[in-house]
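Protein chains in written order, with our numbering: chain A, 1 to 242; chain B, 1 to 287.
Source of the hints: derived by calculation from the structure; they are not laboratory data.
Any given hint might turn out to be false.
Stated by the list, open to error - DEER-style ranges, computed between Cβ atoms:
hint: 1; chain 1: B; residue 1: LYS166; chain 2: A; residue 2: SER78; range: 31 to 39 Å
hint: 2; chain 1: B; residue 1: HIS68; chain 2: A; residue 2: ARG7; range: 22 to 30 Å
hint: 3; chain 1: A; residue 1: LYS3; chain 2: B; residue 2: GLU8; range: 34 to 42 Å
hint: 4; chain 1: B; residue 1: HIS68; chain 2: A; residue 2: ILE6; range: 42 to 50 Å
Everything numeric in this text was worked out from a predicted model, so none of it was measured.
Here a beta-carbon is modelled for each residue, glycine too, at the ideal position from N, C-alpha and C.
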Amino acid sequence: MQKDDIRLALQLMKQELKVSWFSFIGLFLYFSLFSILFYTGFSAQGARFVGLDLFFIMLFVFGPIWFKAKGLQFQKISSSTWASPTVVLALSLPIQKQVIVIKSILMYLLSSLPYQLYMFVALYLISPTIRDMMEIDAYISLTIIWLSFGIYTGLGVLIIDIGSNTNVSKLTTFLSILLLLGVILLIFYFPFFFTYGVVEWTIIIANKWPFLSAIISIIAAVVGFNYWKSKMIKQFKQVDFL
Amino acid sequence: MDPLLYIENLEKDVDDFHLGPVNLTIEPGTITALIGNNGSGKSTLLKLIMNLAQPEMGNIKVNNLLVHGNNESWKKLIAYQPQTIIGWDPFTGNALKEMIAPLYPNWDETLFQKMVDLFNIPLHKKFGKLSQGVQQKLNLALTIPRNTPLLILDEPTSYMDIPSKKILIDLLVDWMEAGDRSIIIASHQIDDIRKLSDYLFVLHDGEVIGHFEKEELMERYARYWISEPLPEAPIPGEVSREGNVLLSENPEATESYLEANNTRWNNRSSLEMDDVITLLLNTTTTL
Numbered sequence: 001m002q003k004d005d006i007r008l009a010l011q012l013m014k015q016e017l018k019v020s021w022f023s024f025i026g027l028f029l030y031f032s033l034f035s036i037l038f039y040t041g042f043s044a045q046g047a048r049f050v051g052l053d054l055f056f057i058m059l060f061v062f063g064p065i066w067f068k069a070k071g072l073q074f075q076k077i078s079s080s081t082w083a084s085p086t087v088v089l090a091l092s093l094p095i096q097k098q099v100i101v102i103k104s105i106l107m108y109l110l111s112s113l114p115y116q117l118y119m120f121v122a123l124y125l126i127s128p129t130i131r132d133m134m135e136i137d138a139y140i141s142l143t144i145i146w147l148s149f150g151i152y153t154g155l156g157v158l159i160i161d162i163g164s165n166t167n168v169s170k171l172t173t174f175l176s177i178l179l180l181l182g183v184i185l186l187i188f189y190f191p192f193f194f195t196y197g198v199v200e201w202t203i204i205i206a207n208k209w210p211f212l213s214a215i216i217s218i219i220a221a222v223v224g225f226n227y228w229k230s231k232m233i234k235q236f237k238q239v240d241f242l
Numbered sequence: 001m002d003p004l005l006y007i008e009n010l011e012k013d014v015d016d017f018h019l020g021p022v023n024l025t026i027e028p029g030t031i032t033a034l035i036g037n038n039g040s041g042k043s044t045l046l047k048l049i050m051n052l053a054q055p056e057m058g059n060i061k062v063n064n065l066l067v068h069g070n071n072e073s074w075k076k077l078i079a080y081q082p083q084t085i086i087g088w089d090p091f092t093g094n095a096l097k098e099m100i101a102p103l104y105p106n107w108d109e110t111l112f113q114k115m116v117d118l119f120n121i122p123l124h125k126k127f128g129k130l131s132q133g134v135q136q137k138l139n140l141a142l143t144i145p146r147n148t149p150l151l152i153l154d155e156p157t158s159y160m161d162i163p164s165k166k167i168l169i170d171l172l173v174d175w176m177e178a179g180d181r182s183i184i185i186a187s188h189q190i191d192d193i194r195k196l197s198d199y200l201f202v203l204h205d206g207e208v209i210g211h212f213e214k215e216e217l218m219e220r221y222a223r224y225w226i227s228e229p230l231p232e233a234p235i236p237g238e239v240s241r242e243g244n245v246l247l248s249e250n251p252e253a254t255e256s257y258l259e260a261n262n263t264r265w266n267n268r269s270s271l272e273m274d275d276v277i278t279l280l281l282n283t284t285t286t287l
């Protein structure tokens, strides 16, 4: 990633940020609401978090894109193509694809990391259950685990920002829906197979190996960042913006 | 001099529509009108040039750089005004200018301000809140001042009022005076084509009908009012006939034949541009 690319990406973001202030307020309220929900979940069930795993994961993966400003949202741009309108705008200008991708990633991170961090800080401050359950170093590790998760899985969602052609076969659509349902069911039934839920497992891991789990998560985030960046650049070749 | 744009054996499939093979060369200092029926593939061709879609076959080079390659520096050489503008809605004219102008080293601020004044464009309003005509004017005001060697305009005047169309044509003529610049303009507006173009590139249902020099093309057709009944046999160059009116696509051959057969004509006229285009797009039409 070159300095010039980041500078140009930031320059492009400037105007998007100006029209996104309302979304940032929405994101703040949204994460506040989820903080209360998770706090209630923790308090009601003690250390158990069963049933809230799905919400937690969804929040970290899709949360940042739910509150995009209206004109910036992923939309149908032709009979068979969906894409982010700002990506289409940038493609017609002398902007390298790598810069378009960096700009999308930076916008995503700006709409995710500060709010996720805010939620973790708020949860620690308001929930005695969490404070009893975890030391500060373990909680920092837990925070890193989830912020990293938001990067190495969340950035995958950004592929749809680049664009997708909807004229895929019925079999592909069917298999995609099947896969999604499988993931949802797996998350939902996780505690029945592995005693604890996904979030509980991360709490256990963070408590047991705070340093190691944080380092592995950071490495996963860096690898994920680079993987999705290159995947997004390749995605341009798969889409016809007609 | 190397061509500014070079297209070779370009083909593209979109569902059951097939475009091409397209071969086209654009030299500096020329204006080419891209003409065709609705759905003929004009916008698709322009988007392929802009690398907004992947071709099935063929190459496109801008200033000798492959458009579908990894080097994207050719983008600085083209200013593209799409027919449907996507992604501009949430931004004001001022914001769009702030975003676009720094990307072009030869951005002409004076021309931009002139166009804003001439077209009376409110720069403080969001693009999505403007009427289609004003959106089109703003789009042009943010495209032409980029001063790139190649300007691509896709239906630039479709929503414009008549005085604005005239202003735009004058602006484009002035813009061309700067030298080695070229324009490709996709248009159904006969005035745009007549007043601006040097060349016509004609498409019909994705198939290339031809690439013509405008004046040569206009001289290629003639209409004759014959004073005597026409012979039943086809006349050389004949395209169609209606009563004693004969339309020829080869006036020389037609006149030689008529003179050799002592057939006189009262009057001969050239065809209007729209007649010629109609003929090219639909040879079965009687004019």
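Cβ-Cβ distance between LYS166(B) and SER78(A): within 31 to 39 Å? holds, 32 Å
Does 42 to 50 Å hold as the CB distance between HIS68(B) and ILE6(A), or does it fail? Taking Cβ atoms as reference, HIS68(B) and ILE6(A) lie about 26 Å apart, which means the hint is violated.
Can you let me know if the beta-carbon spacing of LYS3(A) and GLU8(B) is within 34 to 42 Å? At roughly 37 Å between Cβ atoms, GLU8(B) and LYS3(A) fall inside 34 to 42 Å, so the hint holds.
Within 22 to 30 Å: is that where the Cβ-Cβ distance between HIS68(B) and ARG7(A) falls? holds, 27 Å
The structure is inconsistent with hint 4 alone, although it conforms to all the rest.
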